[in-house]
Amino acid sequence: MQVPILKQRDYLIASIQAALTDADLLQLRDALVTRVGTFRSRGVIVDVTALDVMDSFAVRTLGDLAHMIRLRGAETVIVGIQPEVAFAMVQLGLTLTGVSTALDLEEGLAFLDKRMKATSGTR
Amino acid sequence: MKSHEIRVQIGSDSDIVTARQKGREMASQLGFTITDLTLIATAISELARNIVLYAQQGEILLSIAEEGARRGIGVIARDAGPGIPDVERALQEGFSTSRSFGMGLSGVRRLVDEFKIVSELGSGTTVSVKKWK
Chain C
12 MQVPILKQRD YLIASIQAAL TDADLLQLRD ALVTRVGTFR SRGVIVDVTA
62 LDVMDSFAVR TLGDLAHMIR LRGAETVIVG IQPEVAFAMV QLGLTLTGVS
112 TALDLEEGLA FLDKRMKATS GTR
Chain X
26 MKSHEIRVQI GSDSDIVTAR QKGREMASQL GFTITDLTLI ATAISELARN
76 IVLYAQQGEI LLSIAEEGAR RGIGVIARDA GPGIPDVERA LQEGFSTSRS
126 FGMGLSGVRR LVDEFKIVSE LGSGTTVSVK KWK
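In the order they appear, the protein sequences are chains C and X. 12 is the number of the first residue of the first sequence in my numbering; add one for each residue after it. 26 is the number of the first residue of the second sequence in my numbering; add one for each residue after it.
In case anyone wonders, no lab produced these hints; they're calculated from the structure. Just to be clear, a hint being listed does not mean it is correct.
One side only, chain C facing chain X, incomplete, derived with CB under 10 angstroms [stated by the list, open to error]:
| id | residue |
| --- | --- |
| 1 | Asp-21 |
| 2 | Ile-24 |
| 3 | Asp-33 |
| 4 | Ala-34 |
| 5 | Leu-105 |
Here the structure is a predicted model, which is why all the values come from computation and not from measurement. Glycine included, C-beta positions come from ideal geometry on N, C-alpha and C.
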């Protein structure tokens, strides 16, 4: 199940629609890391609203994704982590250290806009 | 064999998804809350992942657990892999041998109510967990 990646202004939006296998997650990570260059994107939003489970592999892969994208000069924000998923992640001891998160797509876009404005003077 | 037992063969990453979806379905029929459903599905995901990582192949058995008036779900993750040399250590916080993905077994233990593990070097590992409603 491939995740569609939409380009909107300077951002890429990956909207996960259904449960993903490990291979799907790795493919999403690689596609985003590549396309940030193709489209010269400055921000990436990964919408995980549809994920009913974020296990250790998913959390690790999303964290790696965000760090790789940062190395490519763009910012990532993970949006839509469901309350029960957040609960399970904390119980399991999983954290997304150093990764930005927002409540939903709208908040994610607002976060990136603010971030871009703040850094536009230095870029 | 009890009725309402579901067996999921585990051999690849897509089986991990199947196992946790079947577990979630069964738990949902038992009337667990959505938070518990997520904890159960996440625990199954981790157990199935351990099978794929360490033993390549195995199975997940899902069953309805009953004890007096209590009902719940039982999950058994079984493989005939290399076994765990030091179970105590494998249960320690954050311990994982494959550089992986793991909060591993200690994480799973926090998600469930009962946790049992039997592992023998060379003949495999069986992890049995239960979550009560």
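Please verify that hint: Asp-21/C, Cβ, nearest Cβ of chain X, below 10 angstroms or not.
At 32 angstroms from the nearest chain X Cβ, Asp-21/C fails the 10 angstroms test, so the hint is violated.
Closest C-beta approach of Asp-33/C to chain X relative to 10 angstroms, hint status
For Asp-33/C, the interface hint holds, since the closest Cβ of chain X sits about 4 angstroms away, which is under 10 angstroms.
With chain X as the partner, please determine if Leu-105/C meets the hint condition of a C-beta pair closer than 10 angstroms.
At 6 angstroms from the nearest chain X Cβ, Leu-105/C passes the 10 angstroms test, so the hint holds.
Does the interface hint hold: is Ala-34/C within less than 10 angstroms of chain X, judged Cβ to Cβ?
Interface hint status for Ala-34/C: holds (6 angstroms vs cutoff 10 angstroms).
Return the status of the interface hint for Ile-24/C: holds when the least beta-carbon distance to chain X is below 10 angstroms, violated otherwise.
23 angstroms, violated
Going through the hint list in order, the structure does not satisfy hints 1 and 2.
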